[in-house]
Amino acid sequence: MKTDQKNFVQKKDIEGPSAPQESRWQEFWRLLRRNRLAVAGLVIFVAFFFIALAGLVLTSGTSPVFDPAMVRLQEKLRPPLSAPRVEDLRPEEIPTLGIYLLGTDDLGRDVFSRMLQGAWVSSTVGFVAVGIAVLIGIVMGGIAGYFGQNHVRFNQIFVTIALLAGAGLLMAGIIVLGIVFLVVGITGAALSRQWKRGLLKGRLKPWDKVFFARTISIDTLIMRLVDIMLCFPVFFLILTVVALLPASMYNIMIVIGLTSWMGTTRFVRAELLSLREQDFVTAAKALGVKDWRIIFRHMIPNAMAPVLVSATIGIASAILIEAGLSFLGFGVPPPHATWGNILSDGKRFIFDAPWLTFIPGFAILIVVLAFNLFGEGLRDILNPKLRERY
Amino acid sequence: MLLVQDLKVYFVSDSTVARALDGVSYEVRTGETVCLVGESGCGKTVSALTILGILPQPPAQVRGGKVLFEGQNLLDLDEKELQKIRGNRIAMVFQEPMTSLNPVFTIGDQISEAIMIHEKGGEREIRKRCIKLLQDVGIPSPEERLKDYPHQLSGGQRQRAMIAMALACNPDVVIADEPTTALDVTIQAQILNLFRELKQKRRMSLLYITHDLGVVATIADRIYVMYAGVIVEQGDTAHIFHDPRHPYTQGLLASLPTRTKRGGALHTIPGTVPDPAYKPAGCPFHPRCQFAIDNCRSQFPGMCDYGEGHLSRCPVLYERARPPHGAA
Amino acid sequence: MTVRRILIGAPIVLIIFLLQSYFWVPTYEQQSKGNPQRLTEYITASSGDAAILNPILSADSASSDIESMVFEGLIDYDEELRFRGRLATSWEIYEEAFFYVNEETAIPQVGKADASKIVELLKRAKTGDIAIDVTVKASLDNIREIAIIPSRTFTVTRGENKAKFKIHVSAPARIKLVLNEVDQDLFQNLSRILGKGYFSSFDGRSYLRVDHDVGEMKRAEYAREILPAIEHNPIVVFRLRPNVQFHDGHLFDAHDVKFTYEAIMDPKNLSPRMADYEPVKSVEVVAPLTVRICYKRLYSPALGTWGMGILPEHLLNDEALKAEAIERGKDPEKFTMRQSSFNRHPVGCGPFVFQEWKSDQYIMLDRFADYWEGTPNYRRYVYRIIPDPLTQEMEFYAGTVDMYNVQPHQVERLKHDPTYQNFSGLSFGYTYIGYNMRREPFNDRKVRKALGMAIDVDKIIRYVLYGQGERITGPFVKQTDYYNHRIKPITYDPAGALRLLAEAGWRRNKEGWLEKDGKRLQFTLITNSGNDLRKAVLAIAQDAWRQIGIDCRTDLLEWAVFIQERVDKADFDAVVLGWSMGIEPDLYQMWHSSQANPYQLNFVAFENKEADDLIIKIRQEYDHEQQVAYCHHLHEIIAREQPYTFLYVRKWTAVLDKRIVIKETDAEGNVVYKKITPTKTGTYTFHFNKWIKLPVAPVFSAEG
Amino acid sequence: MLSFIGRSIIQKIITLFFVMVVSFLIIHLAPGEPSQVDPLNPKFTPEMVERFREAFHLDKPLHVQFVYFYRDLFTGKTVSWKDNEPVLKKIGERFLNSLPLFIVGTILTWTLAFPIGIRSAIARGGVYDRSATFVSYLLYSIPGFFFAYILILVVVNTFHVPVIGMKTFGFGDVSVLHTVMDRVWHLLLPSVLGATVGIAVLSRYVRSQMLEVESQDYVRTAKAKGLPSEQVHYKHALRNALLPFVTMFGLILPGLIGGSVIIESIFSWPGMGRMAFEAILARDYPIILSVNFISAVLVLIGTFISDLLYMVVDPRIHL
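Residue numbers (this note's numbering), protein chains in the order written: chain A, 1493 to 1882; chain B, 2 to 329; chain C, 208 to 911; chain D, 23 to 341.
Fair warning: there could be bad hints in the mix.
As the list claims (entries may be wrong) - Computed cross-link-like contacts, DSSO-like style, restricted to lysine-lysine with a CA-CA straight-line distance of at most 27 Å:
#	chain 1	residue 1	chain 2	residue 2
1	C	K881	C	K870
2	D	K99	C	K537
3	A	K1568	C	K881
4	C	K565	D	K82
5	C	K865	D	K189
6	D	K111	C	K541
7	D	K82	C	K369
8	D	K82	C	K475
9	A	K1568	C	K858
10	D	K99	C	K541
11	A	K1839	C	K666
12	C	K537	D	K111
13	C	K373	C	K475
14	D	K34	D	K99
Note that these hints are calculated values from the structure, not bench results.
The task is simple: from the sequences and hints, build the whole structure.
Have a look at this one:
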């Protein structure tokens, strides 16, 4: 093992050769390369991303290159790599590549183009759902972690309820009561702003103390909200909402997103609670940095490690959840194809056309596995406690 | 009693090989207190862990040398046999009292556990021994302390508990890895006195690892000075303190703030300890040595004997101080 | 260390315990061969569990499967779809007609006449004294008796938005005619004798006095209701089969029939069957085994409704319900039949006795030894609930289920499988695309026809249904003679469709989409999720219409949202749906223009004067040929108007284990095995009580 | 301690109240209403639908319905609209069906996951660790029903043994032992299927948690004391790593309610999951709300127990 020795001798201020400076990214790649599974995961992750991109480009638009919705009934349930019976096909019905790469489904639609579209749709469902979950998680976690201590004052609750009720009644058409509530809400808001600026010094009568009394702390408020969300068995919450909202790709994303932010909130809150004790935060406060800037500029980047990990694994489980929903009949509605609904449509033909089940099944398996392995590798690298230590 | 011969331990990661121990040899005779001195990162803790065989193997690899304990090479023993020796014949006290005790078990559990593993004994009988041990290490009202959890004790008391745990099966050798560094000075003195009393009472040998020369002076019989994974000087405490023969030892002693040098600027050794993976060729100290000559840069120096067990790995000074005091 | 050993040992022990149970479970071969009892058990599977095992309360198909085994109706359809007697041995239909004597108007050649004079006039006409043409003569010959009901006064209470009040009626004399057969043209013929305006000029208002001032309009309505000028009361008299027992040994008699009717009409029970029995005026027990049912008005499907299972009166009458309420600690006043535990342990007089019901697992029935038609061959009937179609199929292959409803794509494969016998027939429901005729392009008949021409339905049948379906052109059941076979289905002709659309003003714009005065032809086709065939039709229709330039969007909705939010509220453009029909040709609820407001079944808003009165006529026509003629004419109108694009009626296919045969003892008493053959309408379970499974599949001689 | 118990009980009750209100609103505001009547059968008339609405108090304003419903629920009188069965009896019955699945699944998951996780944490990066990671993520990534179908096909084709449902039909009357063993056999596939996914996920958590603890100093002290490696890992290290699992344990109780809709419908196992799913489709409000209420209570009990367990597991925490 040749050690490159830069031995130079200068008199007194001699600096022995030290390790070459590694940027954070180089170090990240070095650690990642050691975990071969994570690298494989990353490669598939990137490949899937490009397939999805290709899927978006090739299958959307009025006359797409690969038309996933082209119905050719006479070409029904053809095995993969089979040549189309050109004689009874109209010119525009002949598949673009000349053969059915992955065969056709029960309506004669080319499975290859549906898988392409599925890749794009499934990945968008995954990314957007996790995007929503992570966003809400960070905001709620941030607030609970950082502002946990100070308490919600009674007047704040009173004002918000009054305004909400006022707006609600107005919408519901009960004008008079709506206006009354709004007026009460606005005066309450004005009163509390004055109190905040301390103008009401002397005039605080006993019942005022009650009005501005502290109720519960923000942290308990948010944590109880998380408990409420956890009380609903996740799958039922998704099922109930998906079954009852007009089914569309976007509803599914929103629903999966809205029911999986609790995990991220807990991560971020735990990280922030420990970070808040660190000196660099108190130092930043001492420098007069504003609260929001401390949270989002200093603390959240530190909390990103667990969030990033749960995001990658979140995308994987979002795809799985979508597949489960399609099995129960509530997945993304036609004409969009997702790997989940190709699989669940194909399950009826497991004896007659097994490729309709196995191709999407293994596709989901490989991609979700890749996401998980990459996520696991990420967790090992980004988690300072797990770093290699002498 | 305990002999370490030419121990080589390297830490291999995919791009670099860090040579933590580059052929270290030292010896702890029965009843003797030997001090291993060196700046942090010079490999003294690694050598202690290697003796007990609890060095995490994936990154570390023992590349050579022997660790002889009563004639047996510990490196050849398998896990089962090593477990019989650890805690029973060789015990260790660690540096961080705050984290070295298991927070979820009571002090009593953790001490009696050490006894139960190596010796049979009834429940009550072990409890009595624990109480006696806590008294030996000077913890007040030991019965209550037994039931306490580590976070309920102060730093000093926790270190005393660690020592009690180490002495549970009255081992032949106790390795103390900078036990007092994390404590403040007053407690440090008490712990050092404790070590001295225990040594007299229990006829055990002590391998004391530290970077603090003040502590070495008060407790050590013999001293090994380590630098960058190599023993650069060894000898009796008197020799090392009064007649240092290696530029690094001289530098260390010169930078000690003693009453006599009040007000003057303290002497410092320029530069920093080399990274074990990128050690300079020849004598590892040569970039920071004021007596360095070309030879030092290329040739790895051997040990020069100044008599009475006082050796130093610096031929340059050896040449200069030709007539050794009293040696042949 | 104990912790590690426990963490590894415990699960391994558990898994070993689970695995060793494999050796106790009989393999499929052992089940069918080694276990003789299995041969005497008929096991069928359904995807959904039954809800209420009570014929007058249940609404789902699973419950009606079980009820058809446990309960027995008065009559049912034989192999040629003609009525045959079950609990009833015979029945007789005749009619009683009434009309009020209208003293004011003069009768030609007679002048004003009171009741006795009219009777005497009719008698003379009957004996041929008065010159009358042949149809009137036929009507008069059909009259068996003529009687006079003297005039009387009575009071009736009526409620008008919460206000109760009395109406005092002094009814004039009334003539009662008893006819041998139901004759709906009776009063037209009589009016030839009594004068054109005799019946229509009768005005009930002059005979009644209302306490509460309700206004003229309301008074006329009450008058029509209390004192109708003419009234047809068809009467059905059933003679019941003697010593038929319920499963608990209690003898069946006419009171049970009367009780079943009253239970249906009792509003507390919320029975879904109420619409069938609303036209019934009264049910009287004439003798222990004869029951007389009188109807308020002409109602031809009357006989068909009495195929309904009869409830045991002694278990469900008020005393029994009150006793049960008290015994179960419930409040007797509010306790109705719906809460009774009878619904989970039904007792009827059908071929099978209820044994056990583990909800969402299985329902087990054992044969009823002293069933009136003879003990069924099968000892036990098990109704398993397997929600997943795929596992149902595998259980059938494994032999733990005897019958399997084959999906279209499997018919080819299973038809030629030697180990199974298969049956198929046309189902009673059809699938269609319905257009909301209240909204723009769909109110134009040409557009609707063109949309139908653009879809190649034959291709759908050949590829989506694998040939397991037939074209259909109208709303009647194809096997019955009400279906007009002369009408040909629409041929697939996209060019013709474009021509029709061009006539209607829709031309292709430059991008190829059809446009009419600037607005693109764009709409949404919706159906319910969970039905694969309708999902396929959705995709095919969208693709077909896109070829000719129609921008069709699709949407798949969950069932309850689809029906209650979109179909019931008529908030849709076009919908892919299906009807499940009965044999009766009564289409009032689906095609009559009065049934087009929200929550009613004519959601496509089909309004056609001619069709409306045809529908009313069909409901009142007792003469079969005449009824068929009306149906054919109605079928023609609907086919011409194309409110629906009628797609297909599905052919169902069921496969049965080949070893199941019909076992009968012929005259000499030796056992004869016959192959199971389906009836004309395709029901293969007609002789279910005679089925049995043999250890080895028998080989039948040529005659099969 | 007592103040903590008092405070958390009050908080939990308030949370429960919110859950009751929110779930009630979600279901009632969503489109679609229960209808006992098959709308596509021409015989059913709109008046019938109207009459059912009154019977179910659906025509009353929401808050009145809310009071009606929860009054019935607490007095045990609520009745499922689908078949007039008292809800608590029906849930109880289904609970007993789901219980064996849940127990076997939990036992397998919470025992096997730890040794696997710990072993891969000890030999980090070694062959065992990499293969265990790969296999557990493989099991986790397979879409549930896809895996179930393959498993069923394999077992049915190779062993020719019935697998579906809770017991074999057409079995005739055999000894009690046979029937018991037959029930056990039917329990095998669905519970093992559920457990594999559970083990996969939990062992990954155990691994990352143990890795964090293994690098602590007191583990090194334990080794220095000469303890056998099992005791070092399973006693010293594991005890410290237990904390997050205690919270997770608190959350698996509702798993009993959730069960797995997919596994239960494929194996036609009449468990809680399937009942709730069918109730949602049939808009059977009493069942949905009761199941939701019970699962909320279980979650709150679970979290309460795990809070208490915190103190047992980690003496440093005192509430």
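- Hint numbers the structure violates, sorted upward? 3 and 4
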